[in-house]
Every structure is written in C-alpha cells, then in structure tokens.
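Peer 1: What follows is each chain in one-letter form.
Protein chains: 2
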Amino acid sequence: MSYRKGYLYEWKLTHELAKKGFMVVRTPRSGRIGLPSPDIIALKNGKIFVIEAKAREEAFKIEEEQLNELKQWQSNGASAYIAWKISREGWKFLKLEDVIKNNGNIGKKFAAEKGFGIEFFDDI
Amino acid sequence: MSYRKGYLYEWKLTHELAKKGFMVVRTPRSGRIGLPSPDIIALKNGKIFVIEAKAREEAFKIEEEQLNELKQWQSNGASAYIAWKISREGWKFLKLEDVIKNNGNIGKKFAAEKGFGIEFFDDI
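If you're matching them up, the sequences are chains A and B in order.
Note that my numbering gives residue 127 to position 122 of the first sequence, counting from 1, and the numbers run on in steps of one.
Note that my numbering gives residue 109 to position 104 of the second sequence, counting from 1, and the numbers run on in steps of one.
Careful, some of the hints might be misleading.
Claimed, not checked - Lysine-lysine pairs mimicking DSS-like chemistry, simulated, CA-CA at most 30 Å apart:
#, chain 1, residue 1, chain 2, residue 2
1, A, 49, B, 114
2, B, 100, A, 52
3, B, 52, A, 106
4, A, 100, B, 10
5, B, 66, A, 17
6, B, 76, A, 119
7, B, 76, A, 24
8, A, 49, B, 10
9, A, 66, B, 113
10, B, 119, A, 49
11, A, 52, B, 52
12, B, 25, A, 17
13, B, 52, B, 24
14, A, 52, B, 17
15, B, 76, A, 52
16, B, 49, A, 59
17, A, 76, B, 52
18, B, 113, A, 49
19, B, 119, A, 17
20, B, 17, A, 119
21, A, 59, B, 100
22, A, 76, B, 17
23, B, 113, A, 52
24, B, 24, A, 25
25, B, 52, A, 24
26, B, 100, A, 24
27, A, 76, B, 25
The set of hints was computed from the structure by calculation and includes no laboratory data.
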C-alpha cells in the first residue's frame, strides 16, 4: 500500500466521520511536532475519539511506542481505536485495549473477532 | 506579523500546553480539508479545548464563519478560545462567548478586560 493510497483512505474516513456529525481533525505527518498525536481526532456529543488509521494489505503490528501514545490520550478522556482499512473491504475498528492485549498484533482473524464497522459511530 | 512568525508562536504554545500535561495536536494549514478545524486541540483530564491562535500586532476581527466553526466544536463538548499573542507580551486567552458578544472584535482594551493568561491551563 503506497503512502498516497493510505493518505486517500484516511482522508475518506475523516469525511465519513464528518458526515456522521463529528467534528474531525486529521493530523498530517507534517503536523507532527515530536508530540504524541493520533492520525484522526473526532468529537461528538462530548465524546472524543482518537484514531490511528492503517491501510495495510496484510497483518501488521502496532509498535509499543504508538500504543503508549494512544494510551496517554485515553487516560486523558479519549477513546482510542486502531482503524484498519483492509483491501477491498471496509474499515475495521479495534479497541486499543484489545490491541494491547494482543501485543499490538493485528491480523484478519483478530479483526474478525474483535473489530467492528464504521456504523458504530452512527450511535454516538 | 509574518506567517512564519505566527507559525513559530503557535508551535511554542502547543509545546507549552504539552508541558502542562495536555495531549495536544496542531492542525497545520496543509491539514485543513474543507472541514472546520481549529489551530490547536488540547485534551486533559477529560476536558477538551479548541484554540484559534492569532499572532497580531494590532486589534483584529475574527470572521463570523470562523466563530461559527468554533461554536460547532463547542456544542459538541469542547471549550473554545481565541488566543492572541500580543507583540512583546504573552498570550491572552479569550472565551468564544465573549468574542461573539463583541462581534468578533478583539482589541487591547477587550483583551485586558476579558482575557486571561496561560496560567489558566495549570488548573485543568
């Protein structure tokens, strides 16, 4: 998956959340300033979500450092998720806690068991 | 005030908030994607702040469109502020409501009356 393609998917996800009534911000790489920041921040009805978005063809691993960053956001009141754009399928959202329990490993079986679709955000 | 100088002040403010224990994201211009987004989003202890940062030499006006954007964030649970970096002084933070009541106009008298310093964020 090219950087460009990943960027495009992330852009689409941002707009899908906006359509669902979220206030959304995408933090581009150029905006990273040495502070822990997730790819997407979304706010609705007093609930804040931080999302690390990954477009990957195959199973992958989230590094401990990144998990810890998301944990910091979570301990300040956000709900943290990893969003996996599986090729030719929709996004699967995985709770940070589940990903941590799985040592950062995300594969198709894990995503099928623990993941949920973007419809989840309709009820926020 | 040059764009570069404004950027530098914004960068410093972001880091000051991080030092105060906030999770902070700066949304660079390049990250704007046609969605309403403030310059800075900061989260701590379940409280979310959205900040529009302005480095200006003289009095200025926040356009209605931008005030409305911040209002949208606020109605979803954020506290919205305009931060004015006054030349050779520190930041003055102004509540969105106060700025709206003043029709978006921000000047030195208004800032002296209604504004408060960055110490405010120490108690969050």
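Peer 1: None of the hints should be skipped; say for each whether it holds.
Peer 2: Comparing the hints with the structure gives:
{"no.": "1", "hint": "A:49 to B:114", "verdict": "35 Å, violated"}
{"no.": "2", "hint": "B:100 to A:52", "verdict": "21 Å, holds"}
{"no.": "3", "hint": "B:52 to A:106", "verdict": "27 Å, holds"}
{"no.": "4", "hint": "A:100 to B:10", "verdict": "40 Å, violated"}
{"no.": "5", "hint": "B:66 to A:17", "verdict": "33 Å, violated"}
{"no.": "6", "hint": "B:76 to A:119", "verdict": "36 Å, violated"}
{"no.": "7", "hint": "B:76 to A:24", "verdict": "18 Å, holds"}
{"no.": "8", "hint": "A:49 to B:10", "verdict": "33 Å, violated"}
{"no.": "9", "hint": "A:66 to B:113", "verdict": "52 Å, violated"}
{"no.": "10", "hint": "B:119 to A:49", "verdict": "28 Å, holds"}
{"no.": "11", "hint": "A:52 to B:52", "verdict": "10 Å, holds"}
{"no.": "12", "hint": "B:25 to A:17", "verdict": "33 Å, violated"}
{"no.": "13", "hint": "B:52 to B:24", "verdict": "16 Å, holds"}
{"no.": "14", "hint": "A:52 to B:17", "verdict": "27 Å, holds"}
{"no.": "15", "hint": "B:76 to A:52", "verdict": "16 Å, holds"}
{"no.": "16", "hint": "B:49 to A:59", "verdict": "26 Å, holds"}
{"no.": "17", "hint": "A:76 to B:52", "verdict": "16 Å, holds"}
{"no.": "18", "hint": "B:113 to A:49", "verdict": "34 Å, violated"}
{"no.": "19", "hint": "B:119 to A:17", "verdict": "40 Å, violated"}
{"no.": "20", "hint": "B:17 to A:119", "verdict": "40 Å, violated"}
{"no.": "21", "hint": "A:59 to B:100", "verdict": "36 Å, violated"}
{"no.": "22", "hint": "A:76 to B:17", "verdict": "24 Å, holds"}
{"no.": "23", "hint": "B:113 to A:52", "verdict": "35 Å, violated"}
{"no.": "24", "hint": "B:24 to A:25", "verdict": "34 Å, violated"}
{"no.": "25", "hint": "B:52 to A:24", "verdict": "24 Å, holds"}
{"no.": "26", "hint": "B:100 to A:24", "verdict": "28 Å, holds"}
{"no.": "27", "hint": "A:76 to B:25", "verdict": "18 Å, holds"}
Consistency note: the structure conflicts with the earlier hints numbered 1, 4, 5, 6, 8, 9, 12, 18, 19, 20, 21, 23, 24.
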